[in-house]
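Number of protein chains: 2
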Amino acid sequence: MSISISQVVPLKINYKTMEEFRKFREYGLEELAMLEDLEANLIEDDANSPFFGIYEGDKLVARMSLYSISKKYDQYFFPPQNHYELFKLEVLPDYRGKGYGTALVKYAMSLGYPIKTNARNASDQFWLKMGFKPARYDSQRDRGENPYLWHPEMEKE
Amino acid sequence: MSISISQVVPLKINYKTMEEFRKFREYGLEELAMLEDLEANLIEDDANSPFFGIYEGDKLVARMSLYSISKKYDQYFFPPQNHYELFKLEVLPDYRGKGYGTALVKYAMSLGYPIKTNARNASDQFWLKMGFKPARYDSQRDRGENPYLWHPEMEKE
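Residue numbers (the working numbering), protein chains in the order written: chain R, 5 to 161; chain C, 5 to 161.
So that you can see chain R by itself, here it is in the shape it has in the complex (with noise of 0.2 Å):
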């Protein structure tokens, strides 16, 4: 069985979401922000929020978060795009192995937009046999990122 890309699903904000995100290891002030303004009521639950997933049944197994970055503040492409920054790009531990990781990133190469992400904890193999090169590092820019990018241009070179 492989995973496609028809199993990714945008994230609604809700309390049922917000559980499942606790389970991740890449939880921090960012979760915390979206469920204070949910209880709030700053925001209607079931908004729109900048993750996507994959569930198994009703369980959350991976997500990752879609930043639309506006050509205006792009810093990596030339000339200035507007294109997604990935990040939180986590797999459960149990569910490692199957394809999810590369099924969420192949759905945000399917939008069309070049993409930004920042390689971490010794994944660049991942990033490099998904297609993505390295930047140039610029420690100015970068600041001990480690930067890795993806256009769809790319693909036809």
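Honestly, the hints are just simulated from the structure, not real lab data. Take these hints with a grain of salt, some might be off.
Because identical chains cannot be distinguished in the list, a pair is counted as satisfied if it fits within a single copy or across any two copies.
No more than 20 Å apart at the CA atoms, straight line, and that leaves these computed lysine to any residue pairs for SDA-like [as the list claims (entries may be wrong)]:
| no. | residue 1 | residue 2 |
| --- | --- | --- |
| 1 | K137 | Y31 |
| 2 | K16 | R147 |
| 3 | K76 | Q144 |
| 4 | K75 | D146 |
| 5 | K76 | R145 |
| 6 | K137 | L39 |
| 7 | K16 | Q144 |
Source: prediction; values computed, not measured.
Once you have looked at the hints, place chain C on chain R.
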């Protein structure tokens, strides 16, 4: 035996340091760029790096990166401050639980400037214990990061 900040040393860029860096999980484009610059004689052997570390004997067992950020680019403190951004705090697995991480952070604090870090992998409790406070999450600025802040004045409150 407790580890003190006097054991923290600035790390010079040379082949020995570059070899030590390969043992750390957060090894990436920054370290590769330093190695390439060294090999191409673009930087001098034994030039200063933004890294600080602690040795046991001649083995580097813990490190962090500190970037000095001008108040002109400060997005975290009000009023804007010259401050340090602390990255890549990491202790090798066999050397954890001995206070190396604490000594590195205390060394950074001893420099007398505010500090911004990104609390990763559920390290929130560590940063709180060190006296850092979570920033108010701003999705445009923080984009999935988990920013924690420390200011020398906070100690006096």
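Here's how the hints hold up against the structure:
no., hint, result
1, K137 with Y31, "between (27 Å within a copy, 16 Å between copies)"
2, K16 with R147, "between (32 Å within a copy, 18 Å between copies)"
3, K76 with Q144, "both (19 Å within a copy, 13 Å between copies)"
4, K75 with D146, "both (18 Å within a copy, 18 Å between copies)"
5, K76 with R145, "both (16 Å within a copy, 15 Å between copies)"
6, K137 with L39, "between (35 Å within a copy, 19 Å between copies)"
7, K16 with Q144, "between (36 Å within a copy, 19 Å between copies)"
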